[in-house]
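Student: Input sequences plus hints: build the corresponding full structure.
Number of protein chains: 2
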Amino acid sequence: MEGECKRRGEGQVEIGVMMEAVHKVEAAPPQSTVDKMKLRLKETFFPDDPFRRFKGQPPRRKWVLGAQYLFPILDWAPNYSLSFFKSDLGISYAKLANLPPIIGLYSSFVPPLVYSVLGSSRDLAVGPVSIASLIMGSMLRQAVNPNTDPFLFLQLAFTATFFAGLFQASLGILRLGFIIDFLSKATLVGFMAGAAIIVSLQQLKNLLGIVHFTKKMAVVPVLSSVFHNTHEVLFLLLFLWSWQTIVMGISFLAFLLLARHVSIRRPKLFWLSVGAPLASVIISTLVVFLLKAQNHGISIIGKLKCGLNRPSWDNLLFDSTYLGTTMKTGIVTGIISLTEGIASGRTFASLRGYQVDGNKEMMAIGLMNIVGSCTSCYVTTGAFSRSAVNHNAGCKTAMSNVVMALTVMVTLLFLMPLFAYTPNVVLAAIIIAAVIGLIDVPAAYNIWKLDKVDFLVCMSSFLGVIFISVQEGLAIAVGLSIFRILLQTTRPKVIALGNIPGTNIYRDLHQYKDAKRVPGFLILAVEAPINFSNTTYLNERITRWIENENSMEEKETNLRFLILDLSAVPTVDTSGISFLIDLKKSTEKHGLELTLVNPTGEVMEKLQRANKIHDFLGVNSLHLTIAEAVFSLSSQNKLQQQEVSSTLFI
Amino acid sequence: MEGECKRRGEGQVEIGVMMEAVHKVEAAPPQSTVDKMKLRLKETFFPDDPFRRFKGQPPRRKWVLGAQYLFPILDWAPNYSLSFFKSDLGISYAKLANLPPIIGLYSSFVPPLVYSVLGSSRDLAVGPVSIASLIMGSMLRQAVNPNTDPFLFLQLAFTATFFAGLFQASLGILRLGFIIDFLSKATLVGFMAGAAIIVSLQQLKNLLGIVHFTKKMAVVPVLSSVFHNTHEVLFLLLFLWSWQTIVMGISFLAFLLLARHVSIRRPKLFWLSVGAPLASVIISTLVVFLLKAQNHGISIIGKLKCGLNRPSWDNLLFDSTYLGTTMKTGIVTGIISLTEGIASGRTFASLRGYQVDGNKEMMAIGLMNIVGSCTSCYVTTGAFSRSAVNHNAGCKTAMSNVVMALTVMVTLLFLMPLFAYTPNVVLAAIIIAAVIGLIDVPAAYNIWKLDKVDFLVCMSSFLGVIFISVQEGLAIAVGLSIFRILLQTTRPKVIALGNIPGTNIYRDLHQYKDAKRVPGFLILAVEAPINFSNTTYLNERITRWIENENSMEEKETNLRFLILDLSAVPTVDTSGISFLIDLKKSTEKHGLELTLVNPTGEVMEKLQRANKIHDFLGVNSLHLTIAEAVFSLSSQNKLQQQEVSSTLFI
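Protein sequences appear in the order of chains A and B. Read the first sequence against UniProt numbering and you will find it ends at 650, with the numbers running on by one and no gaps. Read the second sequence against UniProt numbering and you will find it ends at 650, with the numbers running on by one and no gaps.
Some hints could be false.
You can't tell identical chains apart in this list, so a pair holds if it fits in one copy or across any two.
[As the list claims (entries may be wrong)] Using 35 Å as the maximum straight-line C-alpha spacing, the simulated DSBU-like pairs for lysine-lysine come out as follows:
{"id": "1", "residue 1": "Lys-449", "residue 2": "Lys-303"}
{"id": "2", "residue 1": "Lys-516", "residue 2": "Lys-36"}
{"id": "3", "residue 1": "Lys-268", "residue 2": "Lys-38"}
{"id": "4", "residue 1": "Lys-585", "residue 2": "Lys-612"}
{"id": "5", "residue 1": "Lys-584", "residue 2": "Lys-449"}
{"id": "6", "residue 1": "Lys-493", "residue 2": "Lys-513"}
{"id": "7", "residue 1": "Lys-452", "residue 2": "Lys-516"}
{"id": "8", "residue 1": "Lys-452", "residue 2": "Lys-589"}
{"id": "9", "residue 1": "Lys-585", "residue 2": "Lys-449"}
{"id": "10", "residue 1": "Lys-452", "residue 2": "Lys-493"}
{"id": "11", "residue 1": "Lys-584", "residue 2": "Lys-38"}
{"id": "12", "residue 1": "Lys-493", "residue 2": "Lys-449"}
{"id": "13", "residue 1": "Lys-36", "residue 2": "Lys-493"}
{"id": "14", "residue 1": "Lys-42", "residue 2": "Lys-62"}
{"id": "15", "residue 1": "Lys-589", "residue 2": "Lys-328"}
{"id": "16", "residue 1": "Lys-516", "residue 2": "Lys-449"}
{"id": "17", "residue 1": "Lys-493", "residue 2": "Lys-303"}
{"id": "18", "residue 1": "Lys-589", "residue 2": "Lys-268"}
{"id": "19", "residue 1": "Lys-513", "residue 2": "Lys-449"}
{"id": "20", "residue 1": "Lys-55", "residue 2": "Lys-292"}
{"id": "21", "residue 1": "Lys-62", "residue 2": "Lys-38"}
{"id": "22", "residue 1": "Lys-452", "residue 2": "Lys-584"}
{"id": "23", "residue 1": "Lys-268", "residue 2": "Lys-516"}
{"id": "24", "residue 1": "Lys-612", "residue 2": "Lys-55"}
{"id": "25", "residue 1": "Lys-305", "residue 2": "Lys-585"}
{"id": "26", "residue 1": "Lys-612", "residue 2": "Lys-513"}
{"id": "27", "residue 1": "Lys-584", "residue 2": "Lys-493"}
{"id": "28", "residue 1": "Lys-493", "residue 2": "Lys-42"}
{"id": "29", "residue 1": "Lys-513", "residue 2": "Lys-585"}
The set of hints was computed from the structure by calculation and includes no laboratory data.
Tutor: Okay, structure coming up:
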């Protein structure tokens, strides 16, 4: 149709003349408050509509479905396929958390079994992950020194794990899954990079074996304590270290980084970067074993007891002195590990085209950690890297977790003596290689290119983590993100629209060069809910628009109509309604006529209700489209002018 | 144009055929990050554009304007007109704050003078106000008992006033005026009602003269302490009270309430409700004086020293034991009084059609209170009721404040002895009458009718104030309001659109009965910024839509296109962008083609930038209007089908 008008090449008044039927603005069919509340709650807490599949099923089927909902194992057990043997970074990650290596293995045994029963993702491989491990280690280290008081530290770790699980499960049960949505990608990119740097610094300690080391996590104290101990460092380098250690460490680090580099270049070879750590553990162990390297100054893990996880619920410590620390640690690690777990689960689910129920995942991961805390495990979650391996290996079911658990079990039962010869320096190398992978510079660069504010968020979490502390850094970033959302509502965009010649289309005058402003009309679009937080601003902003217009417009066609396009206003509250009422009055003071265009369902409904109370909507104050509003107003305006002239010339 | 189609009575594919020119989506002209930031900051902190008036003025004029901007007195002094003598509730309000009556008079002398120099509103009448007075009284009472330790209490009051002023001024200087916008009308209605009830309860104490009274502010302790002292109460009623007091109190209370009732019915008689208190003070004083009623058991204020405010900066108490209390009190009273002051200022400004600079008002009120705290005044602000009197009396300038200050000065200097005979019971009656006026049931009812969530906010602040405490009640209400804003972004509306037959208009299928869904198309509109907080939700929501459609649609016309209308999406962040990219991929998995319609300037810009990085926008993936998208897609689709068939029948 635009075409026709173009051919005729007419202004929009002509269009108006062609336009006969003017459409009424309708309100949505009435709906009781209770129903509305129900819907709102459903959208808030059950956005994924978990009970959809139950609809219209025979009761027996419903029972089956319900059982499958609770224990997805019933869903896939009939047709599972084995995943290939997968390596386990548990040992080194345990070191990240300043925990004894064996805890890492324990944590790779029980949790996968629990998840394979409760979890709904088919690709997720659960176990300890670097980021959660290092946060737990760093936060607990502020309360207890793991070197001087290892057992207490272990107790705190279990307790924190317990709280993490409790927190995660309750998030799921209370359907509050959306809380983790507030950790934006920008936040996480900055956070992980910062954490990685902190950890590498912390590794200095292990690498240089400094004894009097700061318990703090931030960069400044760490560095300072490195420098304060320089004499010690030099002493160590000169006398205590052996060239073998240095050679071994550097060579394995190089190997690991190379593996990661290759696997990034060739996604098909992804397993390389995951296999490499295990390989280097095995190789280094063999080397040490064969060359008796431990006698040449290479420190090794030493004897590890055989046997499966021993119960640890008697080690949970709810002593008031440490309760604060453990709860805080539990919550932070809980959220972080949830974020990684859910994110990876969703990623692979979408690759396979199936849905993951976020809240159910949270319950599964939460229970997994509660059980873990009672069986000598620390925080575990779905690990992205290993899940990727699962996925590339094309495993169809969560059975892979069972398989992994079994392999770990074998290790725990029979292979422990071999680990005795694993050199610590290799574990350090594995850690450094792992955390370096967390620094994602290209992602940060893309964020910078796309959205400067997001980049600010990213940087603030990065710098916050580095210079203040892990939790403060996170808090700042999240606070900024939330403040941004509030600001978008508190200072909404108000856009002036113009007509695109030869059409009924009205668009942003600033965005579309060929859009023309309609003489005598001021057409504004508000792009946010109109509520208490922005009515004052909108009032001032619109007044400014009107004044600018009046100053710009040449006299003969002075402003006569204000059209407010409400298409982009999803909701109004009582303040918003009274704002519209006041605007109506004040525009009349300016000698303008206010017209509202295309209010959405909820807005329309409230307008009607408000109109019942203080009747302010005239005949012409609602239109379905801007074009129709412009047409009917300008024509009515013509009539008035004619009347005026006729009265003059009688 | 819609008309034509109606006559022909065609479906929108026909319309499509008529539609030749398909319009390109344009991006806003490029703009440097710095400029964007500048604009954003300006809109955030200088929404009222205070420097507009300076633009393009000769330097000398600029100086004059600058001086007038700082001291509006220069602006109106030349042509002021006197307001008529206005009554002063200072004395009774001071009692509300548990302060000696004289402080009330002091606070009605200095602040008006300060405001008349700095303030920018012409109608605002400043002085003590009930709500701020009672908050200050109640909050300070929790730290110090005004009866046992009156001087310390006085010091705390001055200090709190100082902090209130400091807080208000800094809000203004930092351009953070929008903070008071977060006290929505709903919050205030509930808050005031709650506070009023608390105060009336507190007046029980003054009325019944209970000595061992709770220092708490909440209802429960107050009531309990009333009941625990019933024996004392009865004792008082039986032996210590005189029928004269009761008669006098009740009769004057009746008189005051009647006056308010009348003035509400007849807005013209507004001055009645404001004149009444002064009248009753004068009358009761005369009665007591003539009948020597003080000898018949009516307690009176007693001697008040003549003379103007004495300096009080040496009474400011920054002792660490009370610093917390005074600062908290200062901030709460500061915000509350600002809200009343600015609100009344804006109301009358809009009635007169002039603008009030919110941030400048804050500085003025803040400085006024800082000065006040050094001259024996407590928190003051613009009072709505008395400003209304100013307005109805048609006074054009803030000179009315000067006049009022002068009258108060005369009182302070010469008329003090008269107050000696003013009975306390009348002041109690004035307070009760004043605070009962704060309970606005009709407003609460309207809120309930308009917006249930707002009503929830209102109730929570009401109940919070009554059962927990003034500040907690406020905090809860504000928290709820903010949470609501966040929720609107976190759970945005996603609406399915349909075509209104015979037009190019697409509207909400739920809202418009005659809108028809276009076979083969799913047309969704998102009504919020797409950002980190809602991408997960949108993903699940849209997947649900697609599944529902596929289940509903009969096979022969199965879903082929997903049109996403971005008209109501003001901004996206990086998460939003990657959401759109993923959606493109996942829809392709579902065998759908995704098309974006009418992205706003910022969104369009980011889409282009993102497209440079990971090229995902096809030729057909952007359209200006839904109608054009539907047309071009369905026609292209026809072509494909023809090809298919031709290939089949070769």
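Student: Hint by hint, say whether it matches the structure.
Tutor: Hints, one by one, checked against the model:
For the identical chains of this complex, Lys-449 and Lys-303 are neighbours neither inside a copy (52 Å) nor across copies (74 Å), given an alpha-carbon limit of 35 Å. In this assembly of identical chains, the alpha carbons of Lys-516 and Lys-36 lie at most 35 Å apart only when taken from different copies (24 Å versus 41 Å within one copy). Taking CA atoms no more than 35 Å apart as the test, Lys-268 paired with Lys-38 passes in neither setting, with 48 Å inside one copy and 47 Å between copies. Within a single copy, Lys-585 and Lys-612 get their C-alpha atoms as close as 17 Å, which meets the 35 Å cut-off; across copies the closest is 48 Å, which misses it.
When the C-alpha separation of Lys-584 and Lys-449 is checked against a cutoff of 35 Å, the pair qualifies only between copies, where the shortest distance is 21 Å, while the shortest distance within a copy is 42 Å. Taking the shortest Cα distances, Lys-493 and Lys-513 sit within 35 Å of each other both inside one copy (19 Å) and across copies (31 Å). In this assembly of identical chains, Lys-452 and Lys-516 lie within 35 Å of each other by CA distance solely inside one copy; the values are 31 Å within and 41 Å between copies. For the identical chains of this complex, Lys-452 and Lys-589 are inter-copy neighbours only, at 32 Å across copies versus 41 Å inside a copy, given an alpha-carbon limit of 35 Å.
In the homo-oligomer, the alpha carbons of Lys-585 and Lys-449 lie at most 35 Å apart only across protomers (22 Å), although the nearest pairing inside one protomer, at 45 Å, exceeds that limit. Taking identical chains as interchangeable, the C-alpha atoms of Lys-452 and Lys-493 lie at most 35 Å apart whether they share a chain (18 Å) or sit on different chains (27 Å). For a Cα distance limit of 35 Å, the shortest separation of Lys-584 from Lys-38 qualifies both inside one copy, at 34 Å, and across copies, at 31 Å. For the identical chains of this complex, Lys-493 and Lys-449 are neighbours both inside a copy (22 Å) and across copies (29 Å), given an alpha-carbon limit of 35 Å.
Proximity of Lys-36 and Lys-493 under a CA criterion of 35 Å is satisfied in both settings, with 28 Å inside one chain copy and 13 Å between copies. Taking the shortest Cα distances, Lys-42 and Lys-62 sit within 35 Å of each other inside one copy (21 Å), while across copies they are farther apart (58 Å). In this homomeric assembly, Lys-589 and Lys-328 never come within 35 Å of each other (Cα to Cα): the closest approach is 57 Å inside a single copy and 42 Å across copies. Taking the closest pair of Cα atoms, Lys-516 and Lys-449 come within 35 Å of each other only inside a single copy of the chain (32 Å); across copies the shortest separation is 41 Å, beyond that limit.
In the homo-oligomer, the alpha carbons of Lys-493 and Lys-303 never lie at most 35 Å apart, since the shortest distance is 66 Å inside one protomer and 60 Å across protomers. When the C-alpha separation of Lys-589 and Lys-268 is checked against a cutoff of 35 Å, the pair qualifies only between copies, where the shortest distance is 21 Å, while the shortest distance within a copy is 70 Å. When the C-alpha separation of Lys-513 and Lys-449 is checked against a cutoff of 35 Å, the pair qualifies only within one copy, where the shortest distance is 25 Å, while the shortest distance between copies is 44 Å. Neither within a single protomer nor between protomers do Lys-55 and Lys-292 lie at most 35 Å apart by alpha-carbon distance, with minima of 67 Å and 84 Å respectively.
Taking the shortest alpha-carbon separations for Lys-62 and Lys-38, only the intra-copy value of 23 Å comes in at or below 35 Å, while the best inter-copy value is 59 Å. Proximity of Lys-452 to Lys-584 under the C-alpha cut-off of 35 Å is restricted to the inter-copy arrangement: shortest distance 24 Å between copies versus 38 Å within a copy. In the homo-oligomer, the alpha carbons of Lys-268 and Lys-516 never lie at most 35 Å apart, since the shortest distance is 54 Å inside one protomer and 48 Å across protomers. In the homo-oligomer, the alpha carbons of Lys-612 and Lys-55 never lie at most 35 Å apart, since the shortest distance is 40 Å inside one protomer and 45 Å across protomers.
For a Cα distance limit of 35 Å, the shortest separation of Lys-305 from Lys-585 qualifies neither inside one copy, at 83 Å, nor across copies, at 50 Å. For a Cα distance limit of 35 Å, the shortest separation of Lys-612 from Lys-513 across copies, 23 Å, qualifies, whereas the shortest one inside one copy, 42 Å, does not. Proximity of Lys-584 and Lys-493 under a CA criterion of 35 Å is satisfied in both settings, with 20 Å inside one chain copy and 27 Å between copies. With identical chains, the CA atoms of Lys-493 and Lys-42 are at most 35 Å apart both within one copy (30 Å) and between copies (13 Å).
In this homomeric assembly, Lys-513 and Lys-585 come within 35 Å of each other (Cα to Cα) both inside a single copy, at 33 Å, and across copies, at 32 Å.
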